[in-house]
Structure formats: structure tokens, C-alpha cells
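2 protein chains.
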Amino acid sequence: MSLRRLASPLVALLLTLSAATSVPAATAVPASTPTPAAPTPFTPAVLSEARALRERALVDDTAYELVRSLTNEVGPRLAGTPGDAAAVAWAIRTLNNLGFQNVRAEPVTVPRWVRGEARAEIVAPWPQPLVATSLGGSVGTAPEGVEAEVVPVTTFDDLKSMPRERVEGRILFFTFRMERSRDGEGYGKAAAARGRGAAEAAKLGAVGMVMRSAGTSTSRTPHTGAQRWSDGIPPIPAMALSNPDADLLEQQLAAGKPVRLRLVSTARWDGETESANVVGEIPGEGLRDEIVLLGAHLDSWDLGTGAHDDATGVGIITAAVKLAAEAKPRPKRTLRVVFYANEEFGLSGARAYAAAHADAIERHVLGMESDLGAFQPFGLTARVAPDRLPLVRAMQSVVESLGIKYLGTEASGGADLGPLRELGMPVLDLWTDAAPYFDLHHTANDTFDKVDPTLVRQNVAAYAAIAYLAAHAQGGFGRLPKVERPVGPAVAPATTPPSTR
Amino acid sequence: MSLRRLASPLVALLLTLSAATSVPAATAVPASTPTPAAPTPFTPAVLSEARALRERALVDDTAYELVRSLTNEVGPRLAGTPGDAAAVAWAIRTLNNLGFQNVRAEPVTVPRWVRGEARAEIVAPWPQPLVATSLGGSVGTAPEGVEAEVVPVTTFDDLKSMPRERVEGRILFFTFRMERSRDGEGYGKAAAARGRGAAEAAKLGAVGMVMRSAGTSTSRTPHTGAQRWSDGIPPIPAMALSNPDADLLEQQLAAGKPVRLRLVSTARWDGETESANVVGEIPGEGLRDEIVLLGAHLDSWDLGTGAHDDATGVGIITAAVKLAAEAKPRPKRTLRVVFYANEEFGLSGARAYAAAHADAIERHVLGMESDLGAFQPFGLTARVAPDRLPLVRAMQSVVESLGIKYLGTEASGGADLGPLRELGMPVLDLWTDAAPYFDLHHTANDTFDKVDPTLVRQNVAAYAAIAYLAAHAQGGFGRLPKVERPVGPAVAPATTPPSTR
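Line order of the protein sequences matches chains A and B.
First residue of the first sequence: 3, per my numbering; consecutive thereafter.
First residue of the second sequence: 3, per my numbering; consecutive thereafter.
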């Protein structure tokens, strides 16, 4: 997943509150509504079947086997690589095999960036190699690398008060350490340095940037992720150090002697290429033109096999829709899965889908995304028309047995659903434990062996029951106010390839 | 540490028994003697001071700061590298600064092996990169690498029943998985494949060898370690895969299609060079010619900074001797620390020390080593003259409050003390929790951030009290029967540089 979902201070606050187990959900949720006096918006038959569906999902390994297949038979699938193309082919084949209809690849243009090799070493006072990886979008160095003194700074915000003469000609080192927590607090702060730290350092004349990984792993497996650049700033190479390597660099700095670092990188940009969003659906019976959209992203970072980010999401939504489609009474609305292209490196697929389907936006009744791995679910938030919240409360009651509490109205839909939400599509967020996620996220350790089939099933159970109910919900979820900015490529591109090389 | 200590089936059995907490030590220890009726072999003043010393050590961070210093200011120190030379200089400087006497470097010839780069990738059926590292002593490949079909086999022993036609022209893959346990069970089985697996595979015509890492880490940080070759076998490249990468390779094999692997390595041998054992001591008062030897090894593997293997050992024995030397009454015997050269890659220092000090072997009253990291101590074993066991029981009673039980007479002294033990020197083993050790051992994750100062202090307390008591023990510990084989370079070299390239 990208930064968007956890970047909202309101969401962070909400989650901080909800993480205190002794706080009842009603207390933690300023926007919660009282239980409606109106009759339940679902028929008893549908509610009963949703519960049965939830139970069936708890003993079904379709999703887990999809995760195994995608990580084993495709593996890393960074946008624009052969793995990305293999993933698109895998997705089409898989959805067809599972009986989805209207399966198609919708073209998406994606940037192509080549990681190459990255080496970082402390040159003085005590030479030692460091384990580092280039940040996504970093430029490379000259073959002999760049060597300079290191200047530490804690966060991206702290950089603002650094005078140019402290930074110029040096390698900037962001030291902020993300702590482990259920709500992923600290990721936003760490990822701010990753996204824009090098660009701001470059403005101050830095010749390179390194950062402590924006993750909680104690392993020497650094954390990659996308940078953001604006045109006109000559780019500088940027790398993440694993937490143990950042510790070592801080230890040497603590001795009070000048610390010199050498960075060597062969990272480079390689134009653009074609990828695709893969879409498939199970047509509804009765309200076939109305769509309940479940999203996940098909691309991954290249260091691991993208198991939790986001093969689990692909597996979970696919299995959830398949199981929901088999329930009786059949879903009235169409259940659509969208496997987005290039979430990680610019949300290309999200923007392309929104642009291609803008005319049909009114038919997108509700959206949900799975992009926080397959960990313990604990909460549901909803951004729907206020008068439709009773529907959500009724849906939550069906998944309460999974440990899922209603946590209010602060929902984003996730990174890939953002553009659709801004066009008015209501969204739900399923919240899951982010603590183990950020041990693995964007590192080489995001691999299949870390996926727990029991937790996958719990997520499928939640998505299946909720999607099934959404497909039956009388009157839908209303519309959200449109955000007045153009959709399409101009919507907050996460990464602009630097124009200078 | 090397394989030796955990390889004994008797020790493994003993530890398996002792790991069951409900089994009293007396039941688990066939060789235990009844509590002696004889008067205690230590004066009340010495016993009292040993207890006070133990308590002082529990609030002393000398060892922890030495570990910090060695890992930060030297870092990786594979035999024959600049880091190795820096470590020798560090050790001499450090021992002199701490007031040790007769500090000296005793020359040791060590082999020089260069890791270079290692790449492994699955070529078919589903191409994926793997994280791998060359085994210590591996030869490299041709620049284009070696590509062949993979043949799995579980353990080194299973290889014996493989027909040549199954292996010839292929890459052999040892799949045995070491489980996590306090006694390090399974390491011997895994390390057997590491040491001799490639040589035996080469005899059957294999063109390469890969193995699941001989460690328990779930991180993509493969486990290195020394190979053993006999002259006359043309060597083949050999690598370890991290556990997640071995899982992936097994997943692809499980599909039943031929799996092809490509290995590329620039590993090479580079002759021999000089290193040194570093020796320092605190002379005794009264029995100055008699030596209580505490050993650890100064070298490390190159992937991490050798924090638990064996900077902690260096720190622990150094701090223990320093603290013991400050106790009153002063130690009667001389307390000597030996920082061995090149334990990891052939026990060069252990053999050189035994050869250089063979004439003085009778003066080596007792030896102890610290080479299992700094984890929770739980037991003490002793190989001493049987009539001296009451001394050991009295010593154990002083450290019982640290959770250290008497676990019998199966003691090896550890890898570096083996040659001295075979010459007749009695030895004690302090047993510590091996479960976390084998998560880190020989991997890139063996770094200072994994060192817990509380556990370091507990180890120092145990070694300090025991060493202090050993320096006062009336009548010493007797002698062990000599093992009739020549000492010096001919004693079981762990690695013979392949003669064919």
C-alpha cells in the first residue's frame, strides 16, 4: 500500500483511540450514529446467508492458494517489468478459471524504473559496509559513486530548519525510527522523508540522501518505496538503510568524528511502457448495472514477492467475490474485482480506471480495497451518505464475531479507490493489524512464508459477507460530495520521473 | 561458533533431557556425583566474594561497551581481511587500556577466501531471483554462471543413497530445515550438509550445490559457514539460500515440473596470510604460574558484524576477568584471556595456540570458552578429573541464582579449546539459550542491535564468579586423558583450500 490511507491525521487519531482496547467503539467514534429505529435494511434470508457465507469462508483456502500461486508462479512484479506482464496474464487466466465474467485487461501506461545495484559504505571514521537499497525512482551515481560527509536530521519536517551551509555538498541522513503499532502510526512521518526528502535535500545542495527504513523490521532488509520529485530539481541518489544499518551509522556519528559515506548506485529510469488493470465480475441478478467494487493491486515492489503487498489483497477479494457469488439468494448487484496496475509507483492504474469509468461513476455503488496484508481484522469505517449508515451498522454486526468493531466514518477507500471516492463513490475501510505488516512491507521479506492461512480466511470472511450484503443493500449507499479537481494523470502523481536525466 | 560443540550425540541427548523443565538435574545427569561429604573446597571469604562479584557484574556494562566498540569500530573481521587486522589492533589496545598484562599477538597463519558476489535464480518453470550467499570456501563459477536442473535431497546422510545418475550434471539442493530450540538441535544435521555436502555431491558429478540455511531465521538473510574439502575432488560452487528462498524453491519443485537454477559467483581463494591470537592476563597472587584460561574468538563471518559470534564472547570473558581480578582476596592463579584467530574458517588460532603452548599444557589448570552469544544461561557442565567434581558443584552453587543448573560431565570446552582439552586441560561449558542464537548466527543479522545488555551482564556474572573460584580452587581440577593424535595443523582442519584452482 502507499502512504495515502495512513496519512490522514484524523484517521491516525481515530486509530490511536481505537487501539486502546478499553475504549468502547462508541466512545472512540465521534461520527457514530445511534442504532437506527428503522427496520433492518436486509431481509432475514440475506442476513442469514451472509452469516453462513462468513462461516464458509472461514474454512475455505481459495484465497491462500491464490496468494501461493501469484507469489510462486509470478513473484516480484514491479510495474513495467516482465513480472508485471506475467502478473497480468496470470490474473486474466485465474479470473477466467474461477468463473468470473467480462474478464479484461484495461490498458495503463506505467513508468519504468530499473533498480540496478546499490552499495553504501562508511568510509570514515571506521570503514564498514552497509546494507542499503535505492528508493524507487532514485537516479544512479557516477560509476565511482558519490562520497561525502553525513549530516543527520530526524524527520522531513526538521529539514526545513536546516541551513543550506549544513547540507550543501553533504549526504543527508534521515534518522526517524518508526515504532511498531497496530495503527501504523509513524509510517506517514517516515514516508514523508522517503517521498520528498531527497528533493528537499537537493534544493539545499545535498549530493545524496540516505534514510532509516520506513518500517519496523530489525532485519537487514531495507525498505523501498516511491519518491516524489518536482520538475526542475536536479535529482540526487537516495537510498534506504535497514534499521540495523541506520543504528550503526548513528553509532559512528555518536563518536563525534566526521562520518563519511560512499554511495554507488546503477538505478535508472527507462521511459514508459504498457501495463493493465485487470477487471472481472460476477453479474448481479436484478440490479446488474450497479457495481460493488473490490480493489487490490496487482503490482508489487521488486525486493520481495509482494505477498502481503498485495498478493493477499488480490487473493482475498477474488475469493470473497467468488464465495459471495455462490450464495443464495444470489447477489443483486454486480460484484466487480479490479486488480490495479502500478499502485506502488504512482497509482497509474487507479487514475486510469477512474478516467476510463468516469461516465459510469454513478453505477459504482460502493468500493472497498484490501491493501494492508492479511492480518487480524479489528475495525470497519465507512464514508457513505449519512442517512445510509444504518446499512453499514447492520453489515458490521454480521462480521462482529470476527472481532470487527464499527469505528466511525473516517474512511478513505485506500489508495487505489481514492480517485473514485473523489468522484462520489462511497467507500468502506476494513482495518487490520498494521504492526506485523510494517515488519515486511516493501522489503525482501514480503514473501509467502509470512502469510498465515487462518488470517487470510478471516479477511475473506469479512470481505465476502460485507460484499454480499452490499450487493443486496436496499437503496444503496448514496453519493459522496465530489472533490473539485480534475481526475486523470494530473491527480497527485506520486512520482514524476526526473526530467534531467 | 563452529559445529564441534553441538555435534556430540551425548551432549544433544543430555540437552534434550535437560530442556524438559520438570526433569530434575540429578535425573538428567548420568555422571552426576552425590554432594560431597568433604568440607567445601573454598574458604568462606572466597565464596562470599564470589557471590559479591556476581552481583557487581550484574550492574556492570564493561562487556556491553566492548561489544559496541568491536562491532562499531571494527565490524566484520573475516580471517585475513583488513577487518581481521583491525580487530587484532583493537584487541591489543583494549586489553592494555583495561590493565591486562603480558598483552601480545601470537602469530597465526590463516587462509584467505574472498566472498565476492553471489547470485542465484530460478530459470524455470517460473523465473525468480533468490537470495543466496556463497558458503565459506566455495569456488566461484565461470562469468556466465552454471545452470542446471535441481535435485532435492533432505540431509547429508540421505545423499549416500542417491544414485550417481540422479545427481550427475545437476545442482544438488539440501532441504533439511533446522527447528528452533534451546539446545540448538538440528544444527549438526544442517551443518553436515554445509561442511561436506558439496564435496560429496561433487563426487557424484553434481555441478553445483545449494542448501537451505543452517539456521532458523525467517528473514532473507542466508547463513554462511565453512565447507570442508578433501584434496583430489574438483570443487563445485556452493551456496546457502535463506529459509524463505528455500521455501520458494521447494514450492516450485512441488509443482512437479523440472526446476532449473542458475548460480553465478565470484568467490575465490587468495592464498594465506598472517593473523594473530591475542593474549592478555592478570597475573595471580600465589599460584601465578597456573593458568585459568578464558577463550573467545576474535574473527567473525563477514556478512554481519559478528556481534553474538563472537564479540559478546570477547566482551564477556574480558569483563569477567577484569572484574574477577579486582576482587579480594585477589585470584591466586593467573587469569588469561585468549582471543582466538580464525575460529570460523579452520580453527587456525586454536591449533596454533595449542602448538605454541604445548610445553606449558600442565600449567593450564582449567579452560572455558564463550561462543554461543549472549543469551540466557541455564546450565554448567564440567569435564574435569572425577574426584574434582565437588569443586565444580560448589562453583555452580554460586551461580545457581542466575538460573544455572549443574548438567553433568559432558563438556567439550568449545571449538577453540578442543586442542587443549585433547592435551589434558580440564574444561567447563556454560550453556546458554541457543534458540535466538541460531536466528542470527552466521547471517547479516548478527549485529549489535540484537545484543541485550541485561543478558550480557548475566553471562559476565557467571564467567566472573566461576573464573574467580577456579583461580582459588584448592588442588585444581586434575588432568584429562590425552587424546592420541598429533596436535598442530594436522588436527581436523575444518577447511582445506581446494587444490585444483
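Among these hints, one or two may not hold up.
A pair holds if it fits inside one copy or across any two, identical chains being indistinguishable in the list.
[Unchecked claim] Think about it this way: if two alpha-carbon atoms lie no more than 25 Å apart in a straight line, the pair counts; the simulated SDA-like pairs of lysine to any residue are: (1) 407 with 75; (2) 259 with 87; (3) 205 with 276; (4) 334 with 159; (5) 191 with 399; (6) 259 with 91; (7) 259 with 64; (8) 205 with 121; (9) 191 with 456; (10) 205 with 53; (11) 259 with 99; (12) 259 with 486.
Since the hints were derived computationally from the structure, they do not count as laboratory data.
Hint numbers contradicted by this structure: 1, 3, 4, 5, 9, 10 and 12
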